[in-house]
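Asks: Assemble the whole structure, with the sequences as input and the hints as a guide.
Here the protein sequences come in this chain order: A, B and C.
Position 117, counted from 1, in the first sequence is what our numbering calls 121; the numbers after and before it change by one each time, with no gaps.
Position 553, counted from 1, in the second sequence is what our numbering calls 1166; the numbers after and before it change by one each time, with no gaps.
Position 51, counted from 1, in the third sequence is what our numbering calls 53; the numbers after and before it change by one each time, with no gaps.
Warning: the hint list may mix true and false statements.
To be verified - In silico EDC-like links for lysine to aspartate or glutamate, alpha-carbon gap of 20 Å or less:
1) K980/B x E996/B
2) K262/C x D723/B
3) K167/A x D58/C
4) K155/C x D693/B
5) K875/B x D1210/B
6) K1221/B x D798/B
7) K268/C x D723/B
Said to hold, decoys possible - Some chain B residues well away from chain A (every beta-carbon gap over 10 Å; in silico):
8) M760
9) D874
10) E996
11) A1091
12) L1109
13) S1185
Calculated directly from the structure, the hints in this document are not laboratory data.
Every residue, glycine too, gets a C-beta built ideally from N, C-alpha and C.
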Amino acid sequence: MTSEMIDPTVEASTAAPGPETTRVATRRLSKWTLYSRRYARNRGAVAGLIIFALLVLFAIIGPLIARYDHVELDFLALSTGPTAEHWFGTNNAGNDLFAQVAVGLQRSLMIAVSVSVGVTIVSALVGTAAAYFGGWTERITLLVIHFMMVIPSFLILAMISNKSGGDWRVIALIMIFVIGWYFPARVIWTLALSLREREYVSAARYMGVRGFRIVLRHLLPNIGSLLVINFTLGVVNAVVAETGLSFLGFGVKIPDVSLGALIGAGSSSLITSPWLFYFPAAALTLLTVSMALVADGLRDALDPTSAAGGRA
Amino acid sequence: MSNVLSVRDLAVSFASEAGRVDAVRGVSFDLEAGRTLGIVGESGSGKSVTSLAIMGLLDENAKVTGSIMYEGKELLGMTDKQLSVIRGNGMSMVFQDPLTSLTPVFTIGDQLIEALTVHRSLSKKDAWNRSVELLKLVGITEPERRMKSFPHEFSGGMRQRVVIAIAMANDPKLIICDEPTTALDVTIQAQILDLIEKAQQETGAAVIMITHDMGVVARTADDVMVMYAGKPVEQAPVHELFHKTRMPYSIGLLGAIPRVDKAEKEPLTPIKGNPPLLINLPDACPFADRCPIVMDACRTREPELLPVATGSGDLHRAACIRAHEIEDGGLLGGIPVYPVREVPESPLAKLPREERPITLEVKNLTKTFPLLKGAFLKRKVGEVHAIKGVSFDVREGETMAIVGESGSGKTTTLLQIMDMVKQTDGDIVIAGTSVNDIHSHKVERQLRRDIQIVFQDPMGALDPRMTVADIISEPLFAIGTPKEEAHRRVDELMDLVGLNPAHSDRFPQAFSGGQRQRIGIARALSTNPKIVVLDEPVSALDVSIQAGVINLLDELKAKLGLSYLFVAHDLSVVRHIADRVAVMYLGDFVEHGDVDDVFENPQHPYTKALLSAIPVPDPDIERTRQRVVFDAETMSTRAVTA
Amino acid sequence: MNVYPAQRCVGDPAHLCKRERIITLIKYLVRRALGWLLMIVVATNITYFLAWGFLDPRSNYVGRRPPLTEEQIVNTLAPRNLSDTVPLIERWWTWLTGILLRWDWGVSPTGGSVNEQVAYRMWVSAELVLGATILTTVLGIALGVYTASRQYKLADRIGQATSIITMNIPIVVAAFAIVLLAIGLNDATGVRIFYVTGNASRGVEGFFPVLIDVLQHLTLPTIALVVIGYAGIHFLQRSLLLDNIGADYVRTARAKGLTKQQAIRKHALRTSLIPVATQVAFTIPAIFTGAVLTETIFAWNGMGKYFIETITKNDIHGTVAVAAFGAVLTAIGAILADVAVVVLDPRVRVS
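Replies: Okay, here's the thing in structure tokens:
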């Protein structure tokens, strides 16, 4: 996968841009302008970004403008549908669903983003180091990765978070280190392997540049676009994983709420109080779909030559 | 004889991010049966696009206008279905890269049989027999067994033979060859060209030979069309073109080619600048910015391809308003069209070789690769001797070249030296220090100042995420140069290699291939090395740009007293630039000595065959040469019957 | 996977070579299977220790009315190899030898046999997972091929938009949405067309009635799994096919005289199927994870639901059995992927 991009104001040729059909650009086009222009052309990606931004806004402002706190119980309004009082309705204990959804969205987002950041960093370092240093480092790392893929990690995750008592930070940490990092690390390792063979890496070696400096200066920046895309996809994966976990009761626990927990709690009264399902489900779906659209748009903007066409 | 193909005013344009690209802007020619048209041009000239347009294989978003008449039928406007009846049947094509031209999951036999059965209904037996016959015809041994092989079991040369067999399968009237030998070794190239000639004789077909190599043109073409910026700028029979060139671009092109058969070192004529972008071209001569004899009138209107009288009576057309002023031998009013450059003389050249200090000495260098088996714990089951004990030395101010074909071990030799691999039974001595004496990273880094490398691929050798200034200063920082001094040096170096220091904050993508190679050279020179190692530094560049870089290397050698260790497969470049040459075959030096000696008086049969295979860009010489082929089993040459 | 470029069978006629190739293939697969077996054994053992770290069988007996004495609890748990009064190593050894010698995976804290549970639940899950996998693959590949040859046209754009949405709907949302739709449909027509709970009804006999009953129960969860799963294969197949459509050998095929459609169907498709086959094999474990949630929602008593029950009931032996099951599925997936590559891709041969 090459991350080389030819400046469009400079490139001319058609089937085979030969070495002599470019010339030094008279006006330097910043990389970022180029990326944003490409991104903006993808309407789905723009829509995704807007929806995501709105959701984040809702997560932040929602709890502030809600009429009720999410733990408050309104005994006069048990299991009521959406009304002017309770905009999203209430559950059978009297919690205001609007507040719950807002707080739940907040919690889901926090977990997902922090998990994805952690996963991206760990997988990037592990993947590139394994590819660059080769030999035993590589073999052992790959062994660990393949092994982690064999263990049913969702099981381990469920076991551990059940015991953790619902503290979201612990859950997030486990998600990073137990289930999150090894698959992206493998993908990065594959890419870094191909980069390792590039001549500019050999050139740096022949110039006497130290190994670690090569990893930092040459390998990591060139997988940068992959890391960005991985990060956004990681958010989606983390949301889905945490939702599943909380839905089953292993993840976030009362009084803390997440969207998955809400759906789980509302599942028994699905037919009688469907709003308990609709609102959290809508928030959840909008979150995942918008992030996926953003990831897609980023992939097209940063890596137009990339072969992957989706979360394969 | 009637025309097999008649093209009139062919034009192709594409939409792209930057605007509409006019890849082809008005090609016209006629081609008769049994004749060969050579289309020459560099990258971006539109020659490949022309051939794809004729076959109807362009992308859907390509707009094609004009007229292509094949055997009296108009091809433009036909549907894919109608064209597919003609493709592979009346017209067939041989592509450039044999390694990707065949489907990896089907056998050779299946692909050949498909070529036959898609046009005629043959019984399985008949199709099989005919396929075996075709394989025999193209020179593939044991054809029955080979029918069941897969493409990856064949070498590049053999795969190209299969592609030619497929092209010949239905006795076509027109065979289009798009750079069929560019990806192949020199000796294989000669064989494939022989084969195409044979195919033409067998089928009586007309051939279009597209290439950037003037030697190939001299050998194969009856008529030549030189393309530049999407248009033909000169069209003439082959002798006319080479000896009575009338268009400045063609003159420059011929002058930029190093000759393998000329002993005196004539400086190559580089054509300054780059070909224009094919977007929104102004109505002027596209070559105007690079032409040494440009006038104001050249920029007012694009010159048409008009007949020019050369005294020989043949039809010769050139797109230059000064064509009638130009005389034979590339002269205008007695003065060469391209200014003659001074060959830089190095003061060291006057000193005999033995008296100059040694910059690099290699004694008995060996390298074997183990063949490993096993999934987790690998065990050795055999060895490959990539380098079998080579020794040589390079003196100050001297250029040493190692030539060989793929698999000879020449690149491995270079990399062994650069990796400073300790030798068990030999030595590598760089500027006086032996690699066996390196016991710490510090000493190694010190030693690396004296030897630097320039790579083949100008795109891959520079990190696309670093600015030019960063790239050139990286070796300086690796040896601990302070920042200001490094910046000063960067400007100095860019000047030295002919680049504008103001562009040092740009990224490599903004530069052309030739410029990127100059950046690579600047980087290599930054630590003031004593010897520069070059791995095929010009093979990825266009001919006219290549000349500029070769001249640059010559200049730098003279100015800075450098030594070069060169690896190349292009013997003409080697003849031009090297002082000493070693011919490498399967890990060994089969010949080693002064460059003139080796080229004029080759001793080893392999060298003789190698020299014989290189096409010389002069049709008179090329077509009358006696060529020889190397026989690996007997290690001797045998003559090729023309 | 350590495979080497194909080596020619030197000198022999083709049919002997084929036999040779099949033998080496089988040897290779056996080696791989053993490797995976080792990993599964290690993974299961590690899970055993982890399970003891995070689960406590005692909690089944805590808070009972009347409360049980310590002695009573230990006497109940010890024979089941679930008492923490016995050293961990001893417990582990008893468990391990039980499996190796008698294929006995132990009992739950309340005495139920793990073997029995797994034996019954395995097939329930298999019913769901198999059907979902096949449908996902077929739908994904078909859509991928269809949209690739109509790139950028309306059909492609609609397909892509739909897929990117369905791919990212969490299984929980999808499953419940389908339940609501099905109930709506049931109510609207007044007939119970689809069942939203359970995998079979009691008291149904005869071949056709049983078949229809199974389908009525199977449809909804399968739809849920397929809807969120097909898009991954769709995108992969599409992009691979597009890459191959632009490949040189497809151009050669057209230059031979095949029309564009023929060249794509015959040459590009075959080559692009290879990576898709491997991907499909690897999705088997993913579908199992999805099945966990689906079984919970649709109340199917399969391995997925068992997974949750064992954790909530602190059933150590059960949890470990589920872990082993998951590991085996992954191994099967990986081996199938290897087989697919070796069978479909002639460039790859095992040495």
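Asks: Determine for every hint whether it applies to the structure shown.
Replies: Hints versus structure:
This hinted pair checks out: K980/B and E996/B have alpha carbons roughly 10 Å apart, not beyond 20 Å. Restraint check for K262/C and D723/B: satisfied, since their Cα atoms lie roughly 19 Å apart, inside the 20 Å limit. Proposed proximity of K167/A and D58/C is supported: the alpha carbons are some 10 Å apart, at most 20 Å. Using a Cα cut-off of 20 Å, the hinted pair K155/C and D693/B holds, with the two alpha carbons roughly 19 Å apart.
Proposed proximity of K875/B and D1210/B is supported: the alpha carbons are some 12 Å apart, at most 20 Å. A hinted pair counts as satisfied when its Cα atoms are at most 20 Å apart, and K1221/B with D798/B qualifies at roughly 15 Å. In summary, the hint linking K268/C to D723/B is supported, as the alpha carbons are separated by about 12 Å, within the 20 Å threshold. M760/B, annotated as away from the interface, keeps every beta carbon of chain A farther than 10 Å; the closest lies near 33 Å.
In this structure D874/B is separated from chain A by more than 10 Å, as the shortest Cβ-Cβ distance comes to about 27 Å. At roughly 21 Å, the least C-beta separation between E996/B and chain A is larger than 10 Å, which holds for a residue marked as non-interface. With a closest Cβ-Cβ approach of about 5 Å to chain A, A1091/B is found to fall inside the 10 Å limit, against its non-interface label. Listed as a non-interface residue, L1109/B keeps its Cβ farther than 10 Å from every Cβ of chain A; the least gap is roughly 18 Å.
With a minimum CB-CB distance of about 19 Å to chain A, S1185/B clears the 10 Å threshold, and the non-interface call stands.
The structure fails hint 11 only (numbered hints given earlier).
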